[in-house]
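Visitor: These are the residues of each chain, in order.
Number of protein chains: 2
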Amino acid sequence: MNLGLETGTAAPALIAALQAPAQAARLWAVRSLPKGAACFAPGDGSADVVLLLSGLVKLVYTTESGEDWVKSFILDQGIFSGRGASDSAESYGATCLEPCRLVRLPRAFVEAEVKSDPQVQAAYGKFSAWVLARKQAREAALLTMSPEARYRALLTDAPQALARLPQGDIARFIGITPIAFSRIKRRVQSGSISPSARLA
Amino acid sequence: MNLGLETGTAAPALIAALQAPAQAARLWAVRSLPKGAACFAPGDGSADVVLLLSGLVKLVYTTESGEDWVKSFILDQGIFSGRGASDSAESYGATCLEPCRLVRLPRAFVEAEVKSDPQVQAAYGKFSAWVLARKQAREAALLTMSPEARYRALLTDAPQALARLPQGDIARFIGITPIAFSRIKRRVQSGSISPSARLA
DNA sequence: GGCACGCATGAACCTGGGTTTAGAGACCGG
DNA sequence: CCGGTCTCTAAACCCAGGTTCATGCGTGCC
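Heads up: the sequence lines are chains A and B, in that order. Counting along the first sequence from 1, when you hit position 152 you're at 152 in this note's numbering, and nothing is skipped either side. Counting along the second sequence from 1, when you hit position 53 you're at 53 in this note's numbering, and nothing is skipped either side.
It should be emphasised that the hints constitute simulated quantities derived from the structure, not laboratory data. Glycine residues also receive a C-beta, built at the ideal position from the N, C-alpha and C atoms. Mixed in with the good hints, there may be bad ones.
[To be verified] Simulated DEER-style distance windows between Cβ atoms:
| no. | chain 1 | residue 1 | chain 2 | residue 2 | range |
| --- | --- | --- | --- | --- | --- |
| 1 | A | 67 | B | 178 | 25 to 33 Å |
| 2 | B | 41 | A | 178 | 37 to 45 Å |
| 3 | B | 179 | A | 189 | 27 to 35 Å |
| 4 | A | 157 | B | 7 | 30 to 38 Å |
| 5 | B | 47 | A | 63 | 37 to 45 Å |
| 6 | A | 30 | B | 30 | 36 to 44 Å |
| 7 | B | 129 | A | 16 | 40 to 48 Å |
| 8 | B | 42 | A | 156 | 19 to 27 Å |
| 9 | B | 177 | A | 188 | 41 to 49 Å |
| 10 | A | 35 | B | 62 | 27 to 35 Å |
| 11 | A | 24 | B | 177 | 55 to 63 Å |
| 12 | B | 156 | A | 125 | 35 to 43 Å |
| 13 | A | 24 | B | 188 | 54 to 62 Å |
| 14 | B | 112 | A | 62 | 36 to 44 Å |
Starting from the given sequences, assemble the full structure and let the hints guide the process.
Guide: As structure tokens, then:
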């Protein structure tokens, strides 16, 4: 069971397919952002599509009470935007966890390229399918697995990613507090085989 | 915050758009299934697309330990298939909660229609966007809200749907056991304002 | 260098949900 | 009409995760 952290090749392929057309349209402006910078704020009206060329970004939901919950991480190369296809009420922000290099493209430009360029269209189709599969995996993980099980799955599926992420962010991605995450790590490392398949 | 139970018009529109081509191809065969029947089993190799014309279907993940968790409900009119776009490891089954009328179409046929028929293509685009938004909402709900908060949100957003669903299935959709759900209902009905915004 | 801040950990206590067991009511077939 | 099964509710107990308070450690800033 993977939880939606694997990187895959779909996003890099789509980035590559978009580069030439964007350069031709003089829209290919690589921007560098330092660690801690916000790519966009939650509720940002901007419907830009962001291509991450290198670095590490987290997408976070912020609740009314001010808690942050990590929707997902984008590692090294990936594509994301503030609003999934249509506008949804649940908006999220994006923050650089490492220095990042990225390109912003207007959504309209990307959509036009998808329609007109078969290369881009093919890459976009694969990317969409991959996004859907990831979302499905994440949904299943949140619904059917306990936090500890999710952590164990991450340990198996994406150890190299875990090493680059702050503990607090991993916790908020798994769906628990950093304190509880610390306890889980202790349990797991001590080799105790928790009998809880899927508890609260 | 809606949790992914609202029905919307995207699915009915796509069903309507597909009907004529499917009839022309002699693929439009309406089947009736009784309450309790399985539309397909988890892991079913069939990549058919199912159009639900009337009735009520639940999609359920089954864990290795045999627990069922409700991925989503399809009310009255909707479209679903055993495998989201690409094949994912997490497979789910579909069961009728009410007598259903439905049509099964081969995925290849639907994909071909999407490419060749602009009508279908437009409807499919809207449907895809709607699916994505719903998945996003569900992900956010599972990640950022407590079970009780999810139930309260359902009460607000989809009371008519709740009335048609068995308690146990609602519980498994919210992400808890039927027993815990019973307790939550008691708490909510007794008007106690639980101070827990988002607890375990 | 030294101070402050943030992050990770630790311990103690609370609480919501899981688990088990049990019982009341609805539905169905004989 | 009766007995079986299924669903929902209830009560008692356990446990994982939340909460609070406190400590140690690394980083950055002055």
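Visitor: Now, for every hint given, state plainly whether the structure supports it.
Guide: Hints versus structure:
{"no.": "1", "hint": "A:67 - B:178: 25 to 33 Å", "verdict": "holds (28 Å)"}
{"no.": "2", "hint": "B:41 - A:178: 37 to 45 Å", "verdict": "holds (40 Å)"}
{"no.": "3", "hint": "B:179 - A:189: 27 to 35 Å", "verdict": "holds (33 Å)"}
{"no.": "4", "hint": "A:157 - B:7: 30 to 38 Å", "verdict": "holds (35 Å)"}
{"no.": "5", "hint": "B:47 - A:63: 37 to 45 Å", "verdict": "holds (38 Å)"}
{"no.": "6", "hint": "A:30 - B:30: 36 to 44 Å", "verdict": "violated (54 Å)"}
{"no.": "7", "hint": "B:129 - A:16: 40 to 48 Å", "verdict": "violated (25 Å)"}
{"no.": "8", "hint": "B:42 - A:156: 19 to 27 Å", "verdict": "holds (22 Å)"}
{"no.": "9", "hint": "B:177 - A:188: 41 to 49 Å", "verdict": "violated (25 Å)"}
{"no.": "10", "hint": "A:35 - B:62: 27 to 35 Å", "verdict": "violated (42 Å)"}
{"no.": "11", "hint": "A:24 - B:177: 55 to 63 Å", "verdict": "holds (57 Å)"}
{"no.": "12", "hint": "B:156 - A:125: 35 to 43 Å", "verdict": "holds (37 Å)"}
{"no.": "13", "hint": "A:24 - B:188: 54 to 62 Å", "verdict": "holds (58 Å)"}
{"no.": "14", "hint": "B:112 - A:62: 36 to 44 Å", "verdict": "holds (43 Å)"}
Comparing the model with each numbered hint stated earlier shows that hints 6, 7, 9, 10 do not hold.
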